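S.K.: Here the sequence shown is numbered in the numbering used here, starting from 200 and rising by one per residue.
Mixed in with the good hints there might be a few duds.
Label-pair ranges, simulated between beta-carbon atoms [claimed, not checked]:
no. : residue 1 : residue 2 : range
1   : S407      : R207      : 31 to 39 Å
2   : S294      : R375      : 50 to 58 Å
3   : P381      : K205      : 25 to 33 Å
4   : L242      : R273      : 31 to 39 Å
5   : L242      : L432      : 25 to 33 Å
Because the hints were derived from the structure by calculation, they are not lab data.
Note that this is a predicted model, so its numbers are computed, not measured.
C-beta atoms are modelled at their ideal positions from N, C-alpha and C, and glycine is treated no differently.
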Amino acid sequence: MKTNSKRRLKRLIERVNTVIMAWGSETRPKRHKFGETTALPPLYQVMAYQGEAILLQRFFGVLRERLGMDMEHRAYLAFYEQAVEHGGFLLDFISRTEWLTIVSGDTSLPNITKHQAKQLYCILLAAISERSPAMISVACDELFIHLYKQQFPSQTTTERHTTTDQLRHKLTNKLRKITHTPCQIKESFHQDDDKVVFCLMYRKDDRSRYEPLISLERPRLKTARLSAYQTLLDDDNLADKLNPVYELASKKKRIITFKDVE
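Using the sequences and the accompanying hints, generate a full structural model.
M.R.: Right under this line is the structure:
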């Protein structure tokens, strides 16, 4: 498990480094000796604030949704303090990227503090949001999800699935009673800045196409998922909505005509 975790982090850093090195070959960023005690130049001060805003928004918004579970506020704040403010996680991450080399202009890396590592990380997030916005989810979300899974392995593998698995089981049973086949359920969702569009689909067997069951919008992924399952479970008219002809045909007795016996 530890080996796989290290490999995932290494691949993540490689993806970030690919973007960083591309910038380094295209532009000449303003140089700053981060190992010194001098204050950041105005450009990097602004970028540090911009990056910190991105970090806070995603850490306490999108990231919590992607973790797929509700963590006590006190515990989640403690995780933030450890990961961002006090721990050496960002220091280790920045030291393993090419970012410090690019912005300092030195081949020999200076010694930086944990506070400077956070500043560098926030500046990096601001640069990514400007030049390669699609990489924000990698450099921020996936990075801290990796750390979260290291810190709380049991929660990420068991607790977050309990409620959803129970609802999926109940809905599968309901669909089986309606269609008289062992139905399969599929989830999909689209994440925007202020909402999640969540969809549930089903099919009667492996050879059938997935058909839509429900699509709805909610501010959070977890509430959207729970609402979708619960709405279908509470719908007493679901059979008629899925296939109004199917139920009538299954209950209708066959009438034998003279043509049938010829």
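S.K.: Hints first: check each against the structure and report whether it holds.
M.R.: Comparing the hints with the structure gives:
Between S407 and R207 the beta carbons are some 35 Å apart, a value that agrees with the proposed interval 31 to 39 Å. The supplied range of 50 to 58 Å is met by S294 and R375, whose beta-carbon atoms lie about 54 Å from each other. Taking the beta carbon of each, P381 and K205 are about 40 Å apart, not inside 25 to 33 Å as hinted. Distance hint check: the CB atoms of L242 and R273 are about 37 Å apart, consistent with the given range 31 to 39 Å.
At about 55 Å, the CB distance of L242 to L432 disagrees with the hint of 25 to 33 Å.
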